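Visitor: The chain contents come next:
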Amino acid sequence: MNLVVLILSAAIVNNFVLTYFVGVCPFIGVSKKIDSALSMGIAVTFVMTITAIVTWIINRFILIGLGLPFLEYVSYIVVIASLVQFVEMFIKKTSPALYRTLGIFLPLITTNCAILFVALLHTMRQYEFVESVVFGIGAGIGFTLAIVIMAGIREQLETADIPKPFQGAAITLIVAGILALAFMGFSGLLAA
Amino acid sequence: MASKSITYEFAKGLIKNNPVFVQVLGMCPVLAVTTSVENGLGMGAATTFVLVSAAVIASFLKPIVPSEVRIPVYAVVIATFVTIADLVLRAFFPPLSASLGPYVPLIVVNCVIMGRIEAFATRNTPLPALSDALGMGAGFTAALMVLGGVREILGSGTLLGISLFGDFFNPMLVMILPAGAFLTLGVLMGIFNAAKEGGGMVLIKAESKAEA
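Those protein sequences? They're chains H and R, same order as listed. Numbering-wise (numbering that gives the first Met the number 0), the first sequence opens with residue 0 and increments by one. Numbering-wise (numbering that gives the first Met the number 0), the second sequence opens with residue 0 and increments by one.
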């Protein structure tokens, strides 16, 4: 499959948050300010790409190699949890500035379903290695795009007069719905 | 915590601390699979099974697991039960399994489950943990079914696969699509909040009585 099509498809047409609903928790939780949303997006993209690489290798050489596909979920979640821990330690040692920006978001990423979803989808669709990596990057860009747009809208919403029962999560979901409607305009853009 | 009754632990998950409408947890399955009541019920049942089993096991494991490694340990416990649920669904309910698709394995990272284990199961004995997990599971399932019901009626004009309006009704396709999921949940959450402040108080008072 054409890699450019794959990356555009993962990032825009089949945007993870707005069409597959994965990663909605941080999408709602960490979208109050544009800069923290951007940091979250970068952290997710980073972990997603590494997860795609590691889980692809594990799936191909250990799970399929040894005939253990039923261990898929258990091994993926262990990989993701330890990977997030490792990435956190690595960034802390090598780049304290980046650590200060991403710090609090990193542990949250373990329970971000978008990460596990990348691993499950590339397994399900039987992507080759390069495709899996590109898919991980594309999905991460899509997540970043969605959460930054959302944060931009929510900064404006601060000053809006919203009926009390709809304040907080409710209005955020309605905004997400309108955003999803807008993203539907992209469907049919690509054949993939 | 210890003074509160088992019934209270069950009842609080239904309305007062409803995982979907109040705690806003576990959003991916809530939005993704609620295109019909049936899917909502299937996902709710699978999640409840995993939640109850994992919560009870976690409350037994608590004394022997060092707190530094507790998250990976519980993650493995949850993933094991999700694997069981997935295999059972695939073997006995193939159409349901196909329509839930990759969202069954995503129960592993459903924050409702890890949330209840962290916040409740590991701080209580197995019996209250069981009751709490059942209540949260029931509240979660109920929310999924309501959302699935609204979307099914508006989006395909049916309820549980039975046509409701005949030819008069032109289904709103958007309700089945992703955008409809966000809009419906947002509106329902607003209504839920409004009802909680008004008429819903009766229910909450009833729950508080069970607490005493």
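Simulated from the structure, these hints should not be mistaken for lab results. None of these values were measured; they are calculated from a predicted model. Incorrect hints may have been included.
Lysine-lysine pairs mimicking BS3-like chemistry, simulated, CA-CA at most 27 Å apart [as the list claims (entries may be wrong)]:
id, chain 1, residue 1, chain 2, residue 2
1, R, Lys61, H, Lys31
2, R, Lys61, H, Lys163
3, R, Lys195, H, Lys31
4, H, Lys92, R, Lys15
5, H, Lys91, H, Lys163
Pairwise CB distance ranges, derived in the manner of DEER restraints [what the hints assert, rightly or not]:
id, chain 1, residue 1, chain 2, residue 2, range
6, R, Leu172, H, Ser94, 41 to 49 Å
7, R, Arg89, H, Tyr98, 21 to 29 Å
8, H, Val4, R, Ile5, 29 to 37 Å
9, R, Ala193, H, Ala96, 27 to 35 Å
The beta carbon of each residue, even a glycine, is placed where N, CA and C say it ideally should be.
Visitor: Determine for every hint whether it applies to the structure shown.
Guide: A quick look at each hint next to the structure:
1. At roughly 36 Å between alpha-carbon atoms, Lys61 of chain R and Lys31 of chain H are farther apart than 27 Å, so this suggested pair is violated.
2. A C-alpha spacing of about 41 Å is found between Lys61 of chain R and Lys163 of chain H, which places the hinted pair above 27 Å, so the restraint is violated.
3. At most 27 Å may separate the alpha-carbon atoms for a hinted pair to count; Lys195 of chain R and Lys31 of chain H meet this at roughly 25 Å.
4. Under the criterion of a C-alpha separation no larger than 27 Å, the hint pairing Lys92 of chain H with Lys15 of chain R is inconsistent with the structure, at around 44 Å.
5. Taking the CA atoms of Lys91 of chain H and Lys163 of chain H, the gap is near 41 Å; set against the 27 Å cutoff, the hint is violated.
6. Checking the proposed 41 to 49 Å range against Leu172 of chain R and Ser94 of chain H shows it holds: the Cβ atoms sit about 48 Å from each other.
7. Range check, Arg89 of chain R to Tyr98 of chain H: about 42 Å between beta-carbon atoms, so the 21 to 29 Å window is missed.
8. Range check, Val4 of chain H to Ile5 of chain R: Cβ separation about 56 Å, and the 29 to 37 Å hint is violated.
9. Between Ala193 of chain R and Ala96 of chain H the Cβ separation comes to about 45 Å, which falls outside the hinted range of 27 to 35 Å.
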